[in-house]
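Residue numbers 0 to 496, in numbering that gives the first Met the number 0, belong to the letters of the sequence shown in order.
Check before you lean on any hint, since a few could be wrong.
[Said to hold, decoys possible] Computed cross-link-like contacts, EDC-like style, restricted to lysine to aspartate or glutamate with a CA-CA straight-line distance of at most 16 Å: (1) 379 with 401; (2) 454 with 481; (3) 379 with 404; (4) 454 with 155; (5) 120 with 162; (6) 135 with 70; (7) 120 with 153; (8) 495 with 474; (9) 403 with 354; (10) 424 with 458; (11) 495 with 351; (12) 424 with 404; (13) 120 with 96; (14) 403 with 447; (15) 135 with 178; (16) 379 with 354; (17) 120 with 195; (18) 403 with 422; (19) 454 with 153; (20) 403 with 350; (21) 379 with 422; (22) 135 with 153.
[Claimed, not checked] Here are the simulated distance ranges between beta carbons: (23) 387 with 82: 46 to 56 Å; (24) 259 with 474: 37 to 47 Å; (25) 316 with 30: 49 to 59 Å; (26) 347 with 387: 22 to 32 Å; (27) 354 with 207: 44 to 54 Å; (28) 41 with 493: 41 to 51 Å; (29) 474 with 119: 44 to 54 Å; (30) 354 with 256: 29 to 39 Å; (31) 258 with 429: 21 to 31 Å; (32) 154 with 119: 14 to 24 Å.
Since the hints were made in silico from the structure, they are not lab data.
A virtual CB, placed ideally from N, CA and C, is assigned to each residue, including glycine.
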Amino acid sequence: MLAAVLLWVGLGAPGGDGLARLDSWVAHARDTPRWADFERLEELRAILGDLRVQRAVELEDPAAIDLGLVELAALGLAEPARGLLEAGAYLGRAELEAELARADSSLAARLAEAVLAPQAKRPRAERLLATQLLAKRFVPATLPALTHAAREDDAELARGAQEALSGWALPAVHVLFLEQLERDPGSARRVAQHFERTREALDPAVLELLERAVARRYFSSDWREAARARGLVRVLDAAHAVPILIEALATWDRRTRAGRGSKRIRAEIVQELQRISGRTIGAEAAHWSEWWTAVRDGRTALPAEILAAGGFVTRAEFFGLRAESDRVLFVVDRSGSMRRSIGTAGRTRHEEALEQLLSFLRQSGADTRFNVAVFGDEGKVWRTGLCAAGEENLHQVRRWLEAKEPEGWTLLFEGLRAGLGLDSKGRLDAAHCEADTVIVLCDGATTEGAAWVAKWLAEENGDAELVFHCVQIGDESNGTLEALAAGSGGELVRVKD
């Protein structure tokens, strides 16, 4: 039987030299990237089948096969893939993932040494692919290449390597993530995810460094730095987290009285104390200090499990969504479907959104600063910056929104572009972004889909630390609002017509 296989593959099979045929196929796909050809796809499947047999009977060097598959799977990573490029990359990646799943596979080490390592001098797209394929595999031989890539200047490559390392409970990896936190403050969410995944294996020295990092950020006068502490504080146990939270609450109270506070940060600190305690004591630092003294004295016990805290009953609501902020941007759908009626009050979705928005701002108070953007076929913004929620401004924004009759598609990203001042490439200038919270209302599946969300949040929102709360009216969805809310730590509320 083996002799027959050898004869079929090496002598009489159509395409005995699988790698040469694969190289030819890749060259053709690059020449005609936008054309999907069924016969060409069937040809590629046959080539991949030949390569599997050649690997099994050792007619071809496995390393050469793997590098050929890497080149195939990396098609389109350098630029958006279409047609043959997209189909070929999908099939090539499937082959590599199947090989990685084999218990005796050496592919992970080969990806690290022959593709990802800088001395291999492989194309950037192939190095990016290697970080994706190595994610969460934790093969010791891959550690040197991944840690090196995680510190490179190429932000996308470094982020891919860090994601591959996230959750690897090794001292060298902990040190890398602590360094990353200092080097790039916008990576705080990614760093927190790593330490949450490895919490049980953290030694006291690492926990002490984390405690210092949390305290330094909560006490910073920059609200964005304080916002970055929230994910990190959840790694600490109550004995280390609570004193920092109480002192931070007192600090932000003083800043609020001096006109330099942040309603969002104060609310997030209180929510963390509620989460740890399972209690709703209020927003006064003194009350929380009394509770913590009782815990330390043994007069009050912490809950057996961390409980999810309820919100403030006094918080302003927007379609049932409770968002605590005094710097908020509303991004509101004005597509044609917003003409539909909602509820029993005889209002359209557009009219109800306007009433809910004004009600939210009145409940929030005149010290809240806000702006509004709308989106349909294009995005438009009311003002160039945030303004106070006084009655005159509420009157003016009502007139502006009433004039924006619903029409067109649902281009949500264009609403974000207008409201956040994104440039032509969708980049956000965090230094000039006044809002700390964005509330998005959309009544259907967005025209662009959800594919852009994760990448945009990773690349642009790390520095800005915006929270996106989303309201979805109706049952239509393609995952965009879910991805925005989940990816930024926000909430999603669904409203029935």
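We went through each hint and held it up to the structure:
no., hint, result
1, 379 with 401, "holds, 14 Å"
2, 454 with 481, "holds, 14 Å"
3, 379 with 404, "holds, 12 Å"
4, 454 with 155, "holds, 10 Å"
5, 120 with 162, "violated, 22 Å"
6, 135 with 70, "violated, 22 Å"
7, 120 with 153, "holds, 15 Å"
8, 495 with 474, "holds, 7 Å"
9, 403 with 354, "holds, 14 Å"
10, 424 with 458, "holds, 12 Å"
11, 495 with 351, "holds, 13 Å"
12, 424 with 404, "violated, 28 Å"
13, 120 with 96, "violated, 23 Å"
14, 403 with 447, "violated, 21 Å"
15, 135 with 178, "violated, 20 Å"
16, 379 with 354, "violated, 19 Å"
17, 120 with 195, "violated, 34 Å"
18, 403 with 422, "violated, 23 Å"
19, 454 with 153, "holds, 15 Å"
20, 403 with 350, "holds, 11 Å"
21, 379 with 422, "holds, 14 Å"
22, 135 with 153, "violated, 21 Å"
23, 387 with 82: 46 to 56 Å, "holds, 53 Å"
24, 259 with 474: 37 to 47 Å, "holds, 44 Å"
25, 316 with 30: 49 to 59 Å, "holds, 57 Å"
26, 347 with 387: 22 to 32 Å, "holds, 28 Å"
27, 354 with 207: 44 to 54 Å, "holds, 51 Å"
28, 41 with 493: 41 to 51 Å, "holds, 44 Å"
29, 474 with 119: 44 to 54 Å, "holds, 50 Å"
30, 354 with 256: 29 to 39 Å, "holds, 33 Å"
31, 258 with 429: 21 to 31 Å, "holds, 22 Å"
32, 154 with 119: 14 to 24 Å, "holds, 20 Å"
Comparing the model with each earlier hint shows violations of hints 5, 6, 12, 13, 14, 15, 16, 17, 18, 22; every other hint is respected.
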